[in-house]
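If you read the protein sequences in the order shown, they are chains Y and B. Heads up, this note's numbering is the position in the first sequence plus 30, with the first residue counted as 1. Heads up, this note's numbering is the position in the second sequence plus 25, with the first residue counted as 1.
Since the hints were made in silico from the structure, they are not lab data. All values derive from a computational prediction rather than experimental measurement. Heads up, a few of these hints could be off.
As a list, the in silico DSS-like pairs of lysine-lysine whose alpha-carbon atoms are at most 25 Å apart [unchecked claim]:
hint, chain 1, residue 1, chain 2, residue 2
1, Y, K248, B, K51
2, Y, K302, B, K63
3, Y, K302, B, K51
4, B, K66, B, K104
5, B, K105, B, K138
6, B, K104, B, K138
7, B, K68, B, K105
8, B, K29, B, K63
9, B, K141, B, K108
10, Y, K92, B, K181
11, Y, K230, Y, K264
12, Y, K302, B, K66
13, B, K133, B, K108
14, Y, K95, B, K181
If we take Cβ atoms under 8 Å as the criterion, some of the chain Y residues that face chain B in the derived model are [unchecked claim]:
hint, residue
15, T88
16, T96
17, N128
Label pairs and their calculated CB-CB ranges [what the hints assert, rightly or not]:
hint, chain 1, residue 1, chain 2, residue 2, range
18, B, T114, Y, A284, 25 to 31 Å
19, B, I39, Y, A222, 47 to 53 Å
20, B, L113, Y, K235, 57 to 63 Å
21, B, K37, Y, G192, 55 to 61 Å
22, Y, G44, B, R178, 27 to 33 Å
23, Y, S227, B, T114, 52 to 58 Å
24, Y, T271, B, G62, 44 to 50 Å
25, B, A80, Y, A226, 55 to 61 Å
26, B, L113, Y, G192, 46 to 52 Å
27, Y, Q287, B, V33, 35 to 41 Å
28, B, H136, Y, N108, 58 to 64 Å
Think of the CB as a built atom: it goes at the ideal place given N, C-alpha and C, for glycine as much as any other residue.
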Amino acid sequence: MAGKVLSVVNMKGGVGKTSTVIALAETLATDPACSVLVIDVDTQANASYCIAGDSALTEIIKSDKTIDDFFYWRLVENDRRSIEPYINENISLVTHLNRPLKISLLASSPYLRITEREIIYNLTTRNLSMEAIEGRTVNLLTPMMDQLRQSYDYIIFDCAPGISAFTTAAMMISDHIVVPTIPDFLSTLGVAAFTASILKEIRQKRPELSANVLIARKNNTRHHAQYHNIIIDKAKLSSGTFGVFDTVIPESTAMAQAMNLIDGTYTQKYSKLSDVLSNLAAEIRGLK
Amino acid sequence: MTTKIDGVQLFKNIAQHAELFRPIEKDIITSASALVGKFLKQKNLDVEALRSLRAAITADVLLLTIDGLNERDVRTLTKKVDKHYPDLTEASASTLRAHLSDLASSAKDIHAKPEKAGSPKKSTNAGKGKSAKKLKDEAAASWPTSMEATPGRRRK
Ligand SMILES: Nc1ncnc2c1ncn2[C@@H]1O[C@H](COP(=O)(O)OP(=O)(O)OP(=O)(O)O)[C@@H](O)[C@H]1O
Ligand SMILES: [Mg+2]
Numbered sequence: 031m032a033g034k035v036l037s038v039v040n041m042k043g044g045v046g047k048t049s050t051v052i053a054l055a056e057t058l059a060t061d062p063a064c065s066v067l068v069i070d071v072d073t074q075a076n077a078s079y080c081i082a083g084d085s086a087l088t089e090i091i092k093s094d095k096t097i098d099d100f101f102y103w104r105l106v107e108n109d110r111r112s113i114e115p116y117i118n119e120n121i122s123l124v125t126h127l128n129r130p131l132k133i134s135l136l137a138s139s140p141y142l143r144i145t146e147r148e149i150i151y152n153l154t155t156r157n158l159s160m161e162a163i164e165g166r167t168v169n170l171l172t173p174m175m176d177q178l179r180q181s182y183d184y185i186i187f188d189c190a191p192g193i194s195a196f197t198t199a200a201m202m203i204s205d206h207i208v209v210p211t212i213p214d215f216l217s218t219l220g221v222a223a224f225t226a227s228i229l230k231e232i233r234q235k236r237p238e239l240s241a242n243v244l245i246a247r248k249n250n251t252r253h254h255a256q257y258h259n260i261i262i263d264k265a266k267l268s269s270g271t272f273g274v275f276d277t278v279i280p281e282s283t284a285m286a287q288a289m290n291l292i293d294g295t296y297t298q299k300y301s302k303l304s305d306v307l308s309n310l311a312a313e314i315r316g317l318k
Numbered sequence: 026m027t028t029k030i031d032g033v034q035l036f037k038n039i040a041q042h043a044e045l046f047r048p049i050e051k052d053i054i055t056s057a058s059a060l061v062g063k064f065l066k067q068k069n070l071d072v073e074a075l076r077s078l079r080a081a082i083t084a085d086v087l088l089l090t091i092d093g094l095n096e097r098d099v100r101t102l103t104k105k106v107d108k109h110y111p112d113l114t115e116a117s118a119s120t121l122r123a124h125l126s127d128l129a130s131s132a133k134d135i136h137a138k139p140e141k142a143g144s145p146k147k148s149t150n151a152g153k154g155k156s157a158k159k160l161k162d163e164a165a166a167s168w169p170t171s172m173e174a175t176p177g178r179r180r181k
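Same shape as in the complex, but just chain Y (with noise of 0.2 Å):
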């Protein structure tokens, strides 16, 4: 198995950016064949938590299984650990056909914010660039993925808004960029900023790196339609900077409800979304 690494980012906040990651997650695993890996590197800990659901996320927090826990002693105390203790196997209590999803989590915390901090302080009082920073965490998890692709068939990071060193290292190791954005006015601008800015320096890096903006959350505005419009040219024009999946995700309540349904079955949580997630999920599989 060499499983593929997705990294759902923008810059904008509250777009559908965790959404998307649970949504594609359960998709995904619908196929008893499939499993996957969500890791959290966002410290609102959204994803940890609609996965892992309130009690076994405390548990988790409480006894120090988090990302910013192994962050910690790989990064400021040069510890040697491994990653897997910190992984909660096949978690997810949602259920399709009788079956559990297989579907495991590398949780967050609140304290992700604090631990960044204590991060970035200590290296830069060993006089580190925040540059060398992001390439300590980039060499960090390199062999980690290696390793862990060998186990799931899908690593799907959930990032923070704004660009924290976290996302632009989970950028730096995906094979895929996921941008799921609002074809409205401000969401837009935020693309193009991400587009220009962002990529760009991560491509210098790493040329082949793909990305493709996933339009979320859009209504039937006249509004909408125009910049999911102006989107799709802009990506054409854009000479493979990046690409439009064909999938829209519609503005709908049944997936704001869907994220607080911990464990329930799939067909409950996305009956009224299903063709769209399957079709985005086949688009997702058929990435190169």
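Given the coordinates of chain Y, assemble chain B with the ligands onto it according to the supplied hints.
Chain B with the ligands alone, transformed into the frame defined by chain Y:
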């Protein structure tokens, strides 16, 4: 002159001309699924009817339909087809879904009537308006405690 539509014949005709109906395929799924849903909601549905339904619509479609039921409907259906299922209120929805699927495939049989021992427990006022305590419990249950949890390393 016909004055009434023969529903079964109409379905047969639609199925025979599936290509013609391709543009409204989504509505076909909706209508067909609604029929299966209604079938499961019949008052007198028993385990035999559930088994025949499975044979008629295939195991996968029945499983998908059961997956689509909410927790309350899963309990109602279980109670209907397996009247003596023990601790129905305590069992999780996923346990009940698995049980229904086992009943339908004949992997399991329905529970026998239990021997009468003492007076049966009467459910007290269940569902008849929520007590203040219950409301409080529910509020507590939905407030995310994980967001307030402190990692071990930081408690030292
Ligand atoms: N397709 C949708 N239809 C309706 N509401 C949605 C949809 N997708 C997401 N939402 C809602 O929009 C809000 C933001 O979604 P989400 O948390 O997935 O975005 P995000 O990009 O991960 O946010 P953040 O930047 O804070 O991490 C949430 O309240 C979510 O429930
Ligand atoms: Mg998020």
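Consistency of the hints with the structure:
Pair hint K248 of chain Y plus K51 of chain B holds up; C-alpha atoms about 21 Å apart against a cutoff of 25 Å. A threshold of 25 Å between alpha carbons decides the hint, and for K302 of chain Y with K63 of chain B the separation of about 19 Å falls inside it, so the pair holds. The straight-line distance between the Cα atoms of K302 of chain Y and K51 of chain B is roughly 11 Å, inside the 25 Å bound, and the hint therefore holds. Simply put, K66 of chain B and K104 of chain B have alpha-carbon atoms about 12 Å apart, close enough for the 25 Å limit, and the pair holds.
For a cut-off of 25 Å, the pair hint linking K105 of chain B to K138 of chain B stands: about 14 Å separates their Cα positions. This hinted pair checks out: K104 of chain B and K138 of chain B have alpha carbons roughly 13 Å apart, not beyond 25 Å. Note on K68 of chain B and K105 of chain B: the hinted pairing holds, with a Cα-Cα distance of about 8 Å set against a maximum of 25 Å. The straight-line distance between the Cα atoms of K29 of chain B and K63 of chain B is roughly 22 Å, inside the 25 Å bound, and the hint therefore holds.
Of the supplied pair hints, the one linking K141 of chain B and K108 of chain B holds, its CA atoms being roughly 15 Å apart against a limit of 25 Å. With a C-alpha separation of about 12 Å, the suggested pairing of K92 of chain Y with K181 of chain B holds against the 25 Å cut-off. The hinted pair formed by K230 of chain Y and K264 of chain Y meets the criterion: a straight-line CA distance of about 15 Å does not exceed 25 Å. Restraint check for K302 of chain Y and K66 of chain B: the C-alpha separation of about 21 Å stays at or below 25 Å, so the hint holds.
In summary, the hint linking K133 of chain B to K108 of chain B is supported, as the alpha carbons are separated by about 14 Å, within the 25 Å threshold. In summary, the hint linking K95 of chain Y to K181 of chain B is supported, as the alpha carbons are separated by about 16 Å, within the 25 Å threshold. With a cut of 8 Å, the hint placing T88 of chain Y at the interface with chain B holds, because the nearest CB-to-CB distance is about 4 Å. Given hint, T96 of chain Y at the interface with chain B, holds; its Cβ is 7 Å from that chain's nearest Cβ, closer than 8 Å.
Annotation: interface hint on N128 of chain Y holds; nearest CB of chain B at approximately 5 Å, less than 8 Å. In this structure the supplied range 25 to 31 Å holds for T114 of chain B paired with A284 of chain Y, their Cβ-Cβ distance being about 28 Å. Checked against the given bound of 47 to 53 Å, the beta carbons of I39 of chain B and A222 of chain Y, roughly 49 Å apart, stay inside it. About 59 Å separates the C-beta atoms of L113 of chain B and K235 of chain Y, a value consistent with the hinted range of 57 to 63 Å.
One distance hint, 55 to 61 Å for the beta-carbon pair K37 of chain B and G192 of chain Y, holds here, with the actual separation near 59 Å. A hinted range of 27 to 33 Å for the beta carbons of G44 of chain Y and R178 of chain B is consistent with their spacing of about 31 Å. Take S227 of chain Y and T114 of chain B: their Cβ atoms lie about 57 Å apart, and the range 52 to 58 Å holds. A hinted range of 44 to 50 Å for the beta carbons of T271 of chain Y and G62 of chain B is consistent with their spacing of about 47 Å.
For the hinted restraint 55 to 61 Å between A80 of chain B and A226 of chain Y, the CB-CB distance of approximately 60 Å keeps it satisfied. Checked against the given bound of 46 to 52 Å, the beta carbons of L113 of chain B and G192 of chain Y, roughly 49 Å apart, stay inside it. Judged by the Cβ atoms, the range 35 to 41 Å given for Q287 of chain Y and V33 of chain B holds: they are separated by roughly 37 Å. A beta carbon spacing of about 60 Å between H136 of chain B and N108 of chain Y agrees with the range 58 to 64 Å that was offered as a hint.
Of the numbered hints given earlier, the model fails none.
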